[in-house]
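Since the structure of chain S is already known, use the hints to place chain E on it.
The listed protein sequences correspond, in order, to chains S and E.
Per the working numbering, residue 17 is the first one in the first sequence, and the count goes up by one each step.
Per the working numbering, residue 586 is the first one in the second sequence, and the count goes up by one each step.
Keep in mind that a hint or two might mislead.
Okay, derived cross-link-like pairs now, DSSO-like style, lysine-lysine, Cα gap no bigger than 27 Å in a straight line [to be verified]:
1) S:Lys42 <-> E:Lys617
2) E:Lys712 <-> S:Lys42
3) S:Lys187 <-> E:Lys637
4) E:Lys712 <-> E:Lys599
5) E:Lys712 <-> S:Lys94
6) E:Lys637 <-> E:Lys617
7) S:Lys187 <-> S:Lys94
8) E:Lys617 <-> E:Lys599
For the record, the hints were derived by calculation from the structure and aren't laboratory data.
Here is what each chain is made of, one letter per residue.
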Amino acid sequence: MATVISNERLVNGVYHLRVEGDYGGKMGQFYMLRAWGAYPLLSRPLSIHQVNDDGVEFLYHVVGEGTEIFAELTPGDKIQLEGPFGNGFPAVEGKVALIGGGIGIAPLYYCAKELQGSDIYLGFSREAFRTEAFRPLAAELTVDVGGLILDRVDFNSYDHIFVCGPHPMLKAAQLKGIAAEISGKRPNVYLSLENRMACGIGACLVCSVSCRDGQRKACADGPVFLAEEVLFHD
Amino acid sequence: MPNTTATIAGVHFKNPIVMASGTFGFGKEYGKLYDVSLLGGISGKGLTLHAKAGNPGVRVYETASGMLNSVGLENPGVEAFLAKELPYWETLDTARIVNLGGNTLPDYVLGAELIQRDADQRALAGKPAVDMIELNISCPNVKEGGIAFGVKTPAAQEVVRAVRAATKLPLAVKLSPNAEDIAEMAEMCEAEGADAVSLINTISGMKIDVRRRSSVFNNLYAGLSGPAIKPVALRMVHQVAHRVSIPVIGMGGITSATDIIEFIMAGATVIQVGTYNFMNLRAGSSLVEELQQFMHEENISSLDEIRGIV
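So here's chain S without its partners, still in its complex pose (with noise of 0.2 Å):
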């Protein structure tokens, strides 16, 4: 069991959780977390927004029952983690751009300062959060509120793009990956997937993903895809 240092809530149903602990991991990598016993049954996954020596970070947005609670933590109070699970972002070198879409902003954070010196793109559709902590951190950021912040960047300026934001976000991305491509720069775009899991360790295979070659794993194969790999059915 771990302990909650802090909780603080950021915007309307947008929460920054602190959890002390020797908690490691990779950028891009989540955790399973639970405050509860048996009800809600299932444990949430939520990608690592950062580890520091005492613990590590987390940004969530209450959607549901299990969100709902955790919003209720106060410092002191026990929670379970188990993880670092998933194959997170690679270390790359290059140009990079981070681009984040609403909640999906929570794990760019510690790309940010992994690879300092990023171009950081946040797009938030009402709100803007977390936007001044990635400042100085950012080559350059840009911050868009209502509009869609995928028109702001272009795909030809980077080596890699790293992508985390909404379903038609990253489907959107993957369209401007090839687009980028058909124009003589191929930036590898990766795409940082949420789906709905059961284990979060690649058991159940609840959250499998079409990809080119076949069924993977949102979980243990992802959450991080070349967005090329995917395949978008909706």
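Here is chain E on its own, set in the frame of chain S:
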């Protein structure tokens, strides 16, 4: 130390805790978290003759004390399992159970024949092989085969008879709670030469998204598991155990040592743990310990003392 061992058709279980098919992969993932050789056995991810991609769309949804799943038997196929997964099982000291599903009768038979051939080759080479086949005639999430075989006794009888003829391996038949008469189904399995019956598979259920005005699942219905189904499972295990003389493998919503004891008292020889593996990734090792502790506290020296006493 209390005696937790059990035997089914010559297969030894060091304790009654077997991991249920579909919740444990082939054990490798959990093997990174604890020593899965502590377990009585592992029933692997349900296999079909050929690889299956499973169902599209939402595959899991939580309910009150349970969960609905619509994975749809995603699996690598029998041959890929034998080539790529069984070598890991060789390294384990636990009962190895293959859960075999199918779309058609020939699929079941060919699958069983492949497993039997592999077991014969391994026996010649002195290597550990599959210890038991658990025949899945009751998956509610596949359109062809699956539950269609598991509801009506005559349809199930045809599958059990054909697979029994195709393999000498100990054979358990996994029964559906959706069967028209589960006790009659179990009696049929015994008459056809099955060595055990395991029950229950998930209960067919549903969840509607009221805003979208549609089922959350592409297949409309899904399989309900978890603590929500335990009373139903326990009743069915009790009913079946009193009607057949072959061992019963009981499962449905087990999350504690007392749950295990309930199933044993209802007549189960061993039990399976499914959904609890998702609630507690170390469910296997914690239950092994809890069971020992509980038996010690209650002065139960052997599970045989209490099996079927209710």
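We went through each hint and held it up to the structure:
no., hint, result
1, S:Lys42 <-> E:Lys617, "holds, 18 Å"
2, E:Lys712 <-> S:Lys42, "violated, 39 Å"
3, S:Lys187 <-> E:Lys637, "holds, 25 Å"
4, E:Lys712 <-> E:Lys599, "holds, 20 Å"
5, E:Lys712 <-> S:Lys94, "violated, 47 Å"
6, E:Lys637 <-> E:Lys617, "holds, 26 Å"
7, S:Lys187 <-> S:Lys94, "violated, 38 Å"
8, E:Lys617 <-> E:Lys599, "holds, 21 Å"
Violated hints, listed in ascending order, are 2, 5 and 7; each of the other numbered hints is respected by the structure.
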